[in-house]
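Working from the sequences, and respecting the hints, build out all of it.
Take a look at the letters that make up each chain.
There are 2 protein chains.
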Amino acid sequence: MELLKKRIQSDGKMIGNEIVKVDMFLNHQIDVELIQAIGQEFHNRFKDKQITKILTIEASGIPIACMAALYFNVPVLFGKKYISVSNDDSTYVSNVYSFTKKQKYNIRVSKEFLNEEDKVLIIDDFLANGQAVIGLLDIVNQANSTVCGVGIVIEKGFQPGRKNIEEKGLQVESLAIIDSIKDGIIYFT
Amino acid sequence: MELLKKRIQSDGKMIGNEIVKVDMFLNHQIDVELIQAIGQEFHNRFKDKQITKILTIEASGIPIACMAALYFNVPVLFGKKYISVSNDDSTYVSNVYSFTKKQKYNIRVSKEFLNEEDKVLIIDDFLANGQAVIGLLDIVNQANSTVCGVGIVIEKGFQPGRKNIEEKGLQVESLAIIDSIKDGIIYFT
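Chains as they are written, first to last, in our numbering: chain B, 1 to 189; chain W, 1 to 189.
Honestly, the hints are just simulated from the structure, not real lab data. What you were told as hints is all true, and nothing was included just to trick you.
Which copy is meant is left open, so a pair is good if it fits within one copy or across any two.
Derived DSS-like pairs: lysine-lysine, alpha-carbon spacing no greater than 30 Å straight-line: (1) Lys21 - Lys111; (2) Lys13 - Lys102; (3) Lys163 - Lys13; (4) Lys5 - Lys111; (5) Lys111 - Lys6; (6) Lys119 - Lys13; (7) Lys104 - Lys21; (8) Lys182 - Lys111; (9) Lys119 - Lys6; (10) Lys111 - Lys13; (11) Lys49 - Lys111.
Right, here's the structure in full:
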């Protein structure tokens, strides 16, 4: 998606050779017009999949999922993150390791909102090692729902997230795939 | 807003006489069509205020702010919540007490995205004691921005949030004001 790649190049902040911060338009301040275009692009790529629900994770996944949901005309469901070990029978829980924060956390989704009739599109802002997406997949599996695909805004192509998800037989669509970052310049595949 | 009140009555879960859970359409699963109508209603109420930015707080405020932003054609900025005491010079920070969680937390907003030229609309899902909104107001004041109003989806009219904000001279617009909850039935003002 050229519009997105140009925006990352103009407003992303490269930190070393592995990190790009997009707080200017995606992760803190949100350019809703851009996010709407992103939502429409996800619809273009998954519109034939008879999606019934979009699943994402708080907080940065929410605006993207909501804008996409406008085009799919389905509800959004967002996984809640929490550190504590408390649990109850009303939720699906998956335990995820964050490489960024070097910490484990849980994702929780109420059983009420996901069932075996749901055809789920998973959406997230970043794909690096794929741990968050794999946690969401685990929750969809616990609910006996069907995953119809994974939509990612920015993929770090030099990390193993895509491989980890594709080996489960799933379609991964990333709107910008970073090949490398060198001397403050970002290269897309 | 009648559509919203009816939805709270049909899908809200009353817990005792003070709590209504709206996880079905606002706080966990999101009915984007309803949230879009809510965003449009906020635009109706604040469209003459020359808003330049919508400020909210993660996570439930984000979808509402984003849908409103589509009508205002301005960016959204969301405050990040965190517990730790770490701080740095690049962010505005306000310390907030959550009555719900009986815990203090910090709201953090990057200085990069809020300045003295901004005319800010604050949006949040619930207004009870008003602590989160007062934290956001504190951040807007630190940035020397102007607050043009506060938009709330569901206000608990029996708690002092509105009073606490109005005494700062601000316009508060709530789309559904709960007068009381008795025997599992919700009454609006």
